[in-house]
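Place chain V on chain L using the hints.
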Amino acid sequence: MKWFLMLLALPAFLFPLASLVYILSHAWDSLSWSLIFGAEESSSMIEAGQGLWPQIIGSLWLMLWACILSLPVAISLALFHALYASRRQQRGLMMILQLLQGIPPIVYGLCGLIVLVHLLHWGISLAAGGVILAVIVLPLLTSNMIHALERIPMEQTESAKALGLSPVQIIGRVWLPLVWSGVLTGILLAMARALSETAPILFTATVFSGVDWPDSMLSPVTSLQTHIFYLAQEGSDAHAVGVAWASAAILLMLILCFSLLALVLRRLEEKV
Amino acid sequence: MMVRRLCKKWVIYPFIKHKVRHFLNPLKIFVALGCVSAVLSVLVLLGFLIQSSLPFWQAFGIQVLWGDAWYPYESLFGFLPAIVGTVWALLIAMIIALPCGLAAAIVSSEMMSETWRNLVRVGMEILAGIPSVVYGLIGLWLLLPFLQHSLDLLTGHNLLAAGMILSLMILPTIMVMSQDALQAISEEQRESAMNLGVDWQQRLFRVLLPQAWPGIRSGILLALGRALGETMAVMLVVGSMDRLPEPFYNILEPAQTLTSRIGREMGEASFGSLHFSALMGCGLILAVMAMGLSLLAQHRSLIR
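Line order of the protein sequences matches chains L and V.
In my numbering, each residue carries its 1-based index in the first sequence increased by 16.
In my numbering, each residue carries its 1-based index in the second sequence increased by 1058.
Only chain L is shown next, with the shape it has when bound in the complex (with noise of 0.2 Å):
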C-alpha cells in the first residue's frame, strides 16, 4: 500500500519539478541583456527586437496601481471586522469574501470591460486594468488582513483598553507592532497575485505594441502576462518562441521573488 500510494505521488512532485525546469532552460537559451533591455537591432516581423523593458515596467505599474487601490479598502473591511462587527457580520463578511475569491477573474474582467472601458470612456487603459486588478485582489488581501488581526492575543488589546487608549491608539501602538509582518505579507501575495492575472487585464488595459511608456491614466500599457500570450499565438517564429519563453522566465522571477519574501516572513513570524 505504501508503495502504490508512493507510485502514485511521484507523478505529483515530478511534473510541476519538471516544467519548471523546462521553462527556465528554454529561457536560459534565449535571456539576455540586450533582449531585456533592447540594444539589438530588430529584423523580425513583430516588435520583439525593441526589448521587454516597456513590458516589465507595464506590469508593475498594473501591480502597483492594483495594490495602492486596494489597500485602504482592505485596511478598513479589516478594521470593520475586528472594531465593529458583530459575531454574524464577520461571519457574513468572510463568506461574502470567499464567494467574491471563488468568481472567475475573467468575469471580473468583463464586467470591467463594460462599466469602465465603455460606460465611463475610459478606454482600454492602465486606470481600468488598475482599477479591476484592485477588486480581483481585494477578498484576498482583506482576508489575509483579518487573519493577521485574529492572531493578536485578546489579553493585549484589553490591557491597552484597561490602560484608557483609544481605538486610533490602539491600533497604532499595540496592533501594528504585531501584525506588521503579517499584514506585509499579505501584501506581497497579492502583489504576486496582481502579477499573474492575465485574462482580466486582456481586452481592458493591454496592447500587443506600440506603447512604451503609459504617458496617462487613460493610455493602454502592455504588460509581460499578456506579451506572453500575443507571442504564443504569434506561433512559428523561432524569435518570437524564444522572446515568449524569456519574457514568462522573467515574470516567474518576479513573482517568485515576492512569493518567496512572504514565505520568508511568515516563517519569521511563526518562529517568533
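Calculated from the structure, these hints are not laboratory results.
Worth double-checking, as some hints may not be accurate.
As the list claims (entries may be wrong) - Pulled from the structure, derived: some chain V residues nowhere near chain L, Cβ distances all over 12 Å: (1) Ala1117; (2) Ile1120; (3) Val1122; (4) Asp1126; (5) Ala1127; (6) Tyr1131; (7) Glu1132; (8) Leu1134; (9) Val1145; (10) Gln1206; (11) Leu1212; (12) Ser1244; (13) Ala1251; (14) Gly1255.
To be verified - Pairs of lysine to aspartate or glutamate, DMTMM-like flavour, derived with a Cα cap of 20 Å: (15) L:Lys177 x L:Glu166; (16) L:Lys18 x V:Glu1172; (17) L:Lys287 x V:Asp1238.
Every residue, glycine too, gets a C-beta built ideally from N, C-alpha and C.
Showing chain V alone in chain L's frame:
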C-alpha cells in the same frame, strides 16, 4: 406621531450633544468609506454584468443552455458545446489530479520528516503561484506536439490537453489543502490508533482519511472552482471549435470551454451587440457556477 418619533430617534438625535464628536471620528469615517466603496464597486460591477446580459436572455430565453449550435453571425447561440467542453475538461483534470494530489498529500504528511514536509509545502505554494499563461506555454509547445505524435492526431489541440494542463494547475491546491487537513488531526488520535494495534493501512483509511475528509472536500471544491475559471492556459490548448464532441466521449477533438469562448471572441464582439451580450451571458453562467462551488465548499467546512 410615529414618523416624528422615528425622525427624532434616527435623524435628529445622532447629531446633537456628544454624539457629534462620536460620528466625526476619523477612524470611523475611514472605515465607513472603505466598506461603502468596497460594497459599491462589487455591486456595480456584478450588477452591470447582469444588466448587459439581459437583452440576450430576453431575446432567446433559457433554452439556449441546451442549444448545440454557436454561430454568432447567424444569431445562433447555443451554449451546450461550451458547457460540455467545460465539464469534460474539469472531469479530466479531476481524474488526473485527485488521486495524485491526495496520494502526494498522504505521502508528505505521513511518511516524510518535518524538514522534507516543509520543503514540499514551500515548493507547492510556489507552484500555485505560477501564472496560467506560463502553463499555457508549456501546454502549447511541449504537451501538444507530444500528444500529436504519440496519439497520431491531426492536431494536438483537444480537450485531453486542456484537462492535463488544468490538472497540473490544480494539483498544488488539492495537495496543500489535503495536507493541511491531515496535519490538523491531533497526535492523540494517531497514537490511540497505534495502541489499538491497527496497521498503517487501516489507520489511514479508518482514522485519518474520514477525519480529514471535510477539509479535503473543500479543497477539491476550491480546486474545481479554480479550474472552472482558468482562461489563458485552456484558451491556448483547447482549440476553440464550437461543436459538440462526436460521439460525446471523444475528447481528442478541438473543443471549446466557456472561458476560452469569452477570451477568443471578446475582441471581435462590438459593444452593445447581441453577440457581446451573449458573451456576458457566458460570464454570468461562469460566475453562478463558481459561486455555487464556493458556497458548497464553505457550507461543508462550516457545518462539518
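Going through the hints against the structure:
With a cut of 12 Å on Cβ distances, Ala1117 of chain V stays outside the contact zone with chain L, its closest approach being about 18 Å. For Ile1120 of chain V, the shortest C-beta to C-beta distance to chain L comes to about 20 Å, beyond the 12 Å cut-off, and the non-interface label holds. Every Cβ of chain L is farther than 12 Å from the Cβ of Val1122 of chain V; the closest lies at roughly 18 Å, confirming the non-interface assignment. Every C-beta of chain L lies more than 12 Å from that of Asp1126 of chain V, the closest at about 24 Å, which supports listing it as non-interface.
Taking the minimum C-beta to C-beta distance to chain L, about 23 Å, the non-interface status of Ala1127 of chain V holds against the 12 Å cut. Tyr1131 of chain V, annotated as away from the interface, keeps every beta carbon of chain L farther than 12 Å; the closest lies near 20 Å. Distance check on Glu1132 of chain V: its Cβ is at least 23 Å (rounded) from any Cβ of chain L, clearing the 12 Å threshold; non-interface status holds. Residue-level check passed: Leu1134 of chain V sits 22 Å from the nearest beta carbon of chain L, beyond 12 Å.
Chain L leaves Val1145 of chain V outside its interface by the beta-carbon criterion, the shortest separation being 15 Å against a cut-off of 12 Å. Non-interface call for Gln1206 of chain V relative to chain L: holds, since the shortest CB-CB distance, roughly 14 Å, exceeds 12 Å. With a minimum CB-CB distance of about 17 Å to chain L, Leu1212 of chain V clears the 12 Å threshold, and the non-interface call stands. Remark: the non-interface label on Ser1244 of chain V is consistent with the geometry, its nearest Cβ contact in chain L lying 19 Å away (cut-off 12 Å).
With a closest Cβ-Cβ approach of about 16 Å to chain L, Ala1251 of chain V is found to remain outside the 12 Å limit, as its non-interface label requires. Against chain L, the non-interface label of Gly1255 of chain V holds: every CB pair exceeds 12 Å, the least being about 17 Å. Pair hint Lys177 of chain L plus Glu166 of chain L holds up; C-alpha atoms about 17 Å apart against a cutoff of 20 Å. This hinted pair checks out: Lys18 of chain L and Glu1172 of chain V have alpha carbons roughly 18 Å apart, not beyond 20 Å.
A threshold of 20 Å between alpha carbons decides the hint, and for Lys287 of chain L with Asp1238 of chain V the separation of about 19 Å falls inside it, so the pair holds.
The structure is consistent with each of the numbered hints, conforming to all of them.
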